[in-house]
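Residue strings, one per chain:
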Amino acid sequence: MLSEVVRLRAEIERYSRQIVLPAFGVEAQAKLCGAAVLVVGAGGLGSPAALYLAAAGVGRLGIVDCDAVERSNLHRQVIHSEAAVGGHKALSAAAACRAVNSSIQVEAHCCRLAPGNALELVRGYDAVVDASDNAFTRYLLSDACAVARRPLMSGAALGTDGHLTVYCLGDDGPCHRCLFPEAPRPEACGRCSDAGVLGPVPGIIGTLQAMEAVKVVTGVGRPLSRRLLMLDALQGRMHTVKLRAKMVGCVACSAAATITSASLASYDYAAFTGAQPNDAAPPQLHLLRDAERLSPAALRERLEDGEEAVVVDVRPRNQFDIAHIPGSLSCPYDVGRPDQRGNDSQRVVALLRENGIGCAMDMVGGLQAWAALADPSFPAY
Amino acid sequence: MKVNVLFFARSREIAGVSETVLELKAGATSQDLLESLLREYPLLKEITGSCVLALNQEYLAQDEAKALRDGDEVAVIPPISGG
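Chains as they are written, first to last, in our numbering: chain P, 1 to 381; chain F, 1001 to 1083.
Check each hint, because a few of them may be wrong.
Said to hold, decoys possible - Quick look at which bits of chain F chain P covers, simulated, 3 or more residues with Cβ under 8 angstroms:
no., segment
1, 1023-1034
2, 1049-1055
3, 1058-1071
What the hints assert, rightly or not - Derived pair list, reagent style BS3-like, types lysine-lysine, alpha-carbon separation capped at 27 angstroms:
no., chain 1, residue 1, chain 2, residue 2
4, P, K215, P, K31
5, P, K215, F, K1002
6, F, K1025, F, K1045
7, F, K1002, F, K1025
8, P, K242, P, K215
9, F, K1066, P, K31
10, F, K1002, P, K242
In case anyone wonders, no lab produced these hints; they're calculated from the structure.
Quick reminder that beta carbons are idealized off the backbone N, C-alpha and C, glycines included.
Build the full structure now, drawing on both the sequences and the hints.
Written as structure tokens, this is what we have:
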């Protein structure tokens, strides 16, 4: 009894600034402390989302991620420390949340969200935060939330743009498929590793996702259902667009849904999105014959032998400025997405050869391969 | 009449601008606007099937031919999936 009084006193002290807030109060704090929220992805969005939910006092917090922390994550994935590089993201994030608030339950799920486990994971919580980084996971998670009837705080960030909305809330709240019934083509989906992302952008969106989760589980305020908030961080602007209600006949969330608790596990998300459940690079192209390509080691040898050759770098100028092969010329080929894996260079070589420059050769694997095989001092990025 | 078009994310990269003004004939609909956009920026075809359109900050169904008025604002909003 006494220990209970001590616990309550400590909780009131910890959450006092929220409890004194007239719009929140004891009742909402009690609901928050009794709620369970699942954060899918412990990256740029999941970092602030999980930290704020833990700090605010969500009773049970689940964190799903199968990746390891990389050095290039640290500029935006602020939940991870330098010491965590190489370790499991889910474990690192869970430890950081426990360090902020030892009075809540934190569950690390070191696995990939997959068709076979999505429903079980989602059903274990009251609300879900989509902090993932790929279309495969976004459709899967939205479908699982539609089937399990769990509200989904969906956030996304790329470059200096951010999106935020709440899916699957109430009777008329749409799901991801109601808005985007057709999956974007993989080449139209930018990845943070190629297109870049400015650190605070996912920070802003992830923080707003935590805010929406707090609102949804406590019933306080007006959740961002049927509205899409778009952040243009460069211009310092936010637009809000009113969205449609559920789509009649939506395959995931309507009365006529064909994606059900029985069928979801066998749905082919890779075929539907044309992508894998991670933000890995699209597969390497094979546009050229072997005789039209040379390995990084072979190029290096020929350059060292003083052979007269022009090395043309087709990456965007800003990537050329990061690092380039000494003596190479910058001629950006800027159709489609920037690519450091040697796909654009194959396109360029094919074009040159079609136009009569028969001596044009492609270096296999692009500058990533150059860094790995020919010049260990070349910075990987 | 003039309609202001806002481009977001991938559509902004394709168009090369964040907004533009399209001149449409009186009585034009949202379908006419889409056609005109694709004539101006053919590469937008890559995303038209998978983006949300908004007319004056309200969702616009792509299969609907909604009458436009001078000064309307249409936003092209492709999904983004990074995180």
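How the hints compare with the structure:
{"no.": "1", "hint": "1023-1034", "verdict": "violated (count 0)"}
{"no.": "2", "hint": "1049-1055", "verdict": "holds (count 5)"}
{"no.": "3", "hint": "1058-1071", "verdict": "holds (count 3)"}
{"no.": "4", "hint": "K215/P with K31/P", "verdict": "holds, 10 angstroms"}
{"no.": "5", "hint": "K215/P with K1002/F", "verdict": "violated, 40 angstroms"}
{"no.": "6", "hint": "K1025/F with K1045/F", "verdict": "holds, 22 angstroms"}
{"no.": "7", "hint": "K1002/F with K1025/F", "verdict": "holds, 9 angstroms"}
{"no.": "8", "hint": "K242/P with K215/P", "verdict": "holds, 19 angstroms"}
{"no.": "9", "hint": "K1066/F with K31/P", "verdict": "violated, 44 angstroms"}
{"no.": "10", "hint": "K1002/F with K242/P", "verdict": "holds, 23 angstroms"}
Comparing the model with each earlier hint shows violations of hints 1, 5 and 9; every other hint is respected.
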